[in-house]
Amino acid sequence: MRSGMVFDIREFTVHDGPGIRTTVFLKGCPLHCSWCHNPEGMSPLTEIIESRSGKRTVGRLYTTEQLASILNRQASILTETGGGVTFSGGEPLAQAAFLSDLIDKLNNVHVLLDTSGYAPARDFDLIVQKCDLVYFDLKLVNREAHLHHTGVDNTPILENLRMLARMNIPFVIRVPLIPGVTDTDENFTAIAQIARQLADLIRIDLLPYNRAAGGKYAALKKEFCPTYDESRQVNVDLAAFEAAGVQARIAGSQPN
Amino acid sequence: MLDLATEPSLLSPAVSFHTVRLDAQKLRVRNLEHKAVRSKAAPNLVAECDREALSWPRRAARLVRRMCEAERPYIHPDERIVFTRTTPSVPPVYSPHQWIEKTAGRTLHELGPISNICADWEKVLSQGLLERKRVALEARRRLAENRDAVEFLDCAIETVEAVLDLAARYASEARRMGKSDVAEILERVPALPPRSFREALQSLRLLHAVVWMGGHYHVGLGRIDQYLWPYLSHDLEKHYLDIAGAEELLAEFFISLNKDSDLYPGVQQGDNGQTVMLGGQTQDRRDAVNELTYMAIRVALYTNMIDPKINLRITENTDLSLLTLATELTRRGLGFPQYSNDAVVIPALIANGYDPADARNYTVAACWEFIIPGKGMEVVNIGAVSLPLAADQAIRMGLSAHESFDTILKRTAQHIKKQVRDLTRSYSHLLLPPAPYYSVLMDGCLESGRDLSCGLEYNNYGIHGAASSSAADALAAVRKFVFIERSVQPEELLAAMAADFEGYEALQDKLLHEAPKTGNDPDADKLLARLFDFLADACETVRDNGRGGRVRPGTGSAMYYVWLTRGKPEESGNLPIGATADGRRKGEFFSANLSPSPQAQVRGPISVWQAFSRLNYRRICNGGPITMELSDSVFSDPEGLSKCAMLVHTFAKLGCQQLQLNTINLRTLLDAREHPERHRNLIVRVWGWSGYFCELGPEYQEHIIARHLYGG
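In order, the protein sequence lines correspond to chains A and B. Reading the first sequence from the start, the letters are residues 1 to 256 in my numbering. Reading the second sequence from the start, the letters are residues 1 to 712 in my numbering.
Bear in mind the hints are in silico, worked out from the structure with no lab data behind them. It cannot be assumed that every hint is accurate.
What the hints assert, rightly or not - Simulated coverage check for chain B against chain A, where a stretch passes if three residues somewhere in it have a Cβ under 8 Å from a Cβ of chain A:
no. : region
1   : 595-608
2   : 635-647
Claimed, not checked - Heads up, simulated DSS-like pairs for lysine-lysine below, C-alpha to C-alpha not over 30 Å straight-line:
no. : chain 1 : residue 1 : chain 2 : residue 2
3   : B       : Lys-375   : B       : Lys-102
4   : B       : Lys-526   : B       : Lys-417
5   : A       : Lys-55    : B       : Lys-586
6   : B       : Lys-526   : A       : Lys-55
7   : A       : Lys-221   : B       : Lys-510
8   : A       : Lys-221   : B       : Lys-586
Claimed, not checked - Chain A side only, calculated, beta carbon under 8 Å to chain B, not exhaustive:
no. : residue
9   : Ile-49
10  : Ile-77
11  : Arg-211
For glycine and all other residues, C-beta sits at the position ideal for the given N, C-alpha and C.
Produce the entire structure from the sequences given, and follow the hints as far as they go.
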């Protein structure tokens with residue numbers, strides 16, 4: 001019986017894929033992006049959140065049976081709306097064996113994987129094969145910059161992205177717009193160049209930075225140390241994508 | 001009928017008329033300019049009534065007459081639908097001393113006058129007041145031997161004449177101002193049946209306003225898209241009116257409902273019960289949605305005012321386009337529309353003795369209680385059973401005596417039964433003052449020569465089953481920890497509750513975070529369903545409420561979730577409850593209506609609605625909505641809007657009864673900043689993520705508040 005560490009289960013997450021969805025947030029992430037808005041998703045261990053509304057433990061172990069039972073109770077309802085279940089995090093692939101067992105136990109429901117793409121190729125392959133749609137975060141194409149801002153090398157991410165394009169699974173690339181970091185014309189151009197070669201890519205979603213990203217750190221007794229100037233306006237010029245013939249949009253605005 | 005699914009222009013939330021004139025009207029109402037035309041004092045009636053030694057019914061009729069006479073016709077040059085109240089208050093018909101004498105030994109409902117019902121607007125409009133008067137005269141001849149009937153009918157006729165006289169004075173004022181269109185309409189309605197949509201709205205405006213002037217309150221408007229539709233469809237067919245013109249008239253009517261609302265007695269400003277009900281079924285079970293249904297929502301979007309309060313009857317087959325338009329309204333954060341599920345409500349009403357045709361014609365009272373227009377003299381809110389009190393007493397007694405969990409449940413049921421009995425007994429001497437004018441608007445009063453206060457077809461009482469989730473959670477925690485796991489000793493739990501968890505923080509944490517909670521866990525959900533079974537059992541033991549009706553259990557809480565916590569000032573019997581076994585500390589709020597307890601963190605609407613779909617609504621037919629707040633960021637794109645509409649569909653599919661969706665707005669956020677303990681479940685969306693508002697750092701809370709302030 002496998003167990004997985006989960007930091008939240010949220011229903012009706014309207015920005016996490018098609019239809020009405022329930023998102024499972026798996027705890028633990030190999031990346032440490034300085035702009036991370038879910039700091040409780042970083043550590044794979046339980047933590048205490050303490051705020052003016054009280055104290056609670058964040059992070060709970062679920063067996064695959066327990067979690068599948070919660071999700072299966074609503075699977076048919078979600079399916080009827082064209083929705084399903086989204087696995088997000090943290091990095092869901094960090095608990096690939098658990099996730100694989102869990103998906104096997106789900107009753108025929110649309111599964112969306114929301115991943116940083118940072119995982120061993122066989123874990124990535126194992127999970128993506130079982131998914132219906134992938135939201136793939138691509139932050140920075142420049143290797144050094146990626147290492148600097150996220151703490152990890154992006155080579156496996158780019159390799160997994162290329163593998164994804166050969167797997168016959170539809171996917172969306174999502175780019176968090178961090179001022180001066182990911183929103184540069186160079187990064188946009190580099191992403192567009194990669195994207196134009198990828199089969200099954202539906203579109204690119206650009207997620208504008210919100211200055212409340214650091215909101216949860218204090219309650220976790222963590223320090224929020226952005227590696228960028230928060231007050232700068234983000235660049236939302238889609239020209240680089242248009243030039244490459246890649247469909248891109250600012251998420252939260254009307255789709256074309 | 002236009003095919004709305006393929007007519008995107010009609011689905012647009014925007015109204016199609018030029019809004020300049022009504023923008024000015026809205027502004028005047030918002031600036032309270034109409035207050036300037038109010039007279040200083042209301043007429044004084046007591047001396048006159050005493051001098052003539054009038055009976056109570058005659059005083060009630062005299063009140064309506066004097067109030068109508070005291071009205072000074074006021075027409076603003078840009079108005080097409082007129083009537084602005086100028087009397088500042090409704091005077092008493094008895095002196096305080098006489099009032100005490102008159103009401104000694106009797107129970108008054110709230111302020112006393114008949115309230116919280118809905119007239120048979122369809123009948124009154126379609127007959128006109130002259131026909132109502134003819135019906136009264138005919139009954140008077142038929143019942144000439146019956147003194148009470150004759151007196152009642154004379155009183156009713158007196159009020160009809162007062163209203164006709166008021167309409168005539170408005171008509172001459174319009175003539176004087178050279179507004180012959182307004183004058184012509186008022187020379188016809190409300191005396192005669194309207195010939196057009198505009199006449200119908202004018203008639204309704206005047207007839208409705210006079211109900212308030214008679215001292216009644218929570219005056220519902222019922223199914224406007226049904227009873228106004230014949231007039232509108234006639235005008236549209238004959239091309240007397242186009243959609244834009246109709247919208248403009250309806251908007252003017254809606255705005256007029258906001259004019260006098262500061263004069264209305266109610267619990268708080270805005271709680272005035274001017275509800276309308278849209279959609280639903282026709283008598284022959286067809287879909288009742290028509291163009292006026294859509295139009296009413298569009299117009300409410302335009303007026304963006306708190307009146308009228310929109311209710312929408314739906315089923316799982318309701319067109320998604322209608323729900324999407326309704327969701328636009330939810331997005332405004334006014335707290336409506338409120339949805340009722342016909343597939344649940346109608347069978348429940350039929351199972352509780354309502355004629356199927358009446359059941360299909362239901363509307364809601366001021367808040368959510370299901371009532372039948374024109375046929376119900378029901379008192380749908382005689383009080384609330386405190387479910388947490390029942391559970392708490394049973395738990396304390398049961399744990400002290402080392403009883404089984406089944407015994408605790410049995411004790412809970414007994415306590416609920418006792419509360420229902422006490423409440424019903426306190427209403428066995430209910431005194432409803434005579435209401436001759438309101439009787440004119442009802443079905444059967446004039447025909448039978450009996451005042452509304454003597455009762456109508458349906459005379460049930462309603463009781464709220466308040467703070468249900470908190471009660472279920474307390475029982476669920478005891479069941480799990482004391483009886484199944486045996487990880488908590490009964491004495492320890494009792495001591496912790498007595499100490500308000502001071503020094504028992506670990507236990508409190510366990511109760512708060514490891515116990516099953518309603519909306520999260522089937523074990524708690526099942527106990528919630530049991531509590532409502534107990535409540536239904538208790539209500540069903542009341543064979544006659546004293547007025548020939550029964551007692552209907554409901555799922556609302558009104559303000560009781562606060563009063564049960566703090567104690568209701570005027571009811572000494574309603575003592576506040578201390579710390580409870582669900583980990584809630586003394587003074588913290590209970591759950592409101594049907595919602596998870598504020599101490600519980602839940603996954604979201606699907607699990608919560610699955611919990612509430614377990615209730616046996618056939619036995620629980622008084623109403624009471626599932627209350628849920630959505631972040632306004634749900635609506636940041638059109639996709640979110642349609643997802644929210646799908647969510648409402650899902651509510652119907654799951655077989656829940658009633659739903660109130662609120663959009664988180666600034667007021668909620670500000671309250672959450674000051675009182676985080678009340679808003680643990682408040683979720684705000686920030687960037688691509690959601691967070692619990694209360695757990696965000698203060699500067700981030702400020703940021704989000706600022707975002708809501710500036711709508712960014």
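- How does the coverage statement for the region 595-608 of chain B fare against chain A, requiring three or more residues with Cβ below 8 Å from a Cβ of that chain? holds (count 6)
- Minimum beta-carbon distance criterion (8 Å), Ile-77/A to chain B: holds, 6 Å
- Task: Would you check the hint for Lys-55/A and Lys-586/B, treating anything up to 30 Å between C-alpha atoms as holding?
- Result: holds, 18 Å
- Task: Let me know if the C-beta of Arg-211/A comes in closer than 8 Å to any C-beta of chain B, holds or violated.
- Result: holds, 6 Å
- Within a Cα-Cα threshold of 30 Å, do Lys-526/B and Lys-55/A meet the stated pairing? holds, 28 Å
- Task: Answer holds if the nearest beta-carbon of chain B is closer than 8 Å to that of Ile-49/A; otherwise answer violated.
- Result: The hint holds - Ile-49/A has a Cβ within 8 Å of chain B, the shortest such distance being about 6 Å.
- Message: Three residues or more, CB to CB closer than 8 Å: is that satisfied between the region 635-647 of chain B and chain A?
- Response: holds (count 9)
- Is the Cα-Cα distance between Lys-221/A and Lys-586/B 30 Å or less? holds, 29 Å
- Message: Run the distance test for Lys-375/B versus Lys-102/B: straight-line Cα separation, threshold 30 Å.
- Response: Since the Cα atoms of Lys-375/B and Lys-102/B sit roughly 27 Å apart, the hinted pair holds (cutoff 30 Å).
- Item | Given pair status - Lys-510/B, Lys-221/A, alpha carbons within 30 Å | OK: Lys-221/A and Lys-510/B at ~22 Å, within 30 Å.
- Verify the proposed pairing of Lys-526/B with Lys-417/B, using a straight-line Cα cut of 30 Å. holds, 20 Å
The earlier numbered hints are all upheld by this structure, with none contradicted.
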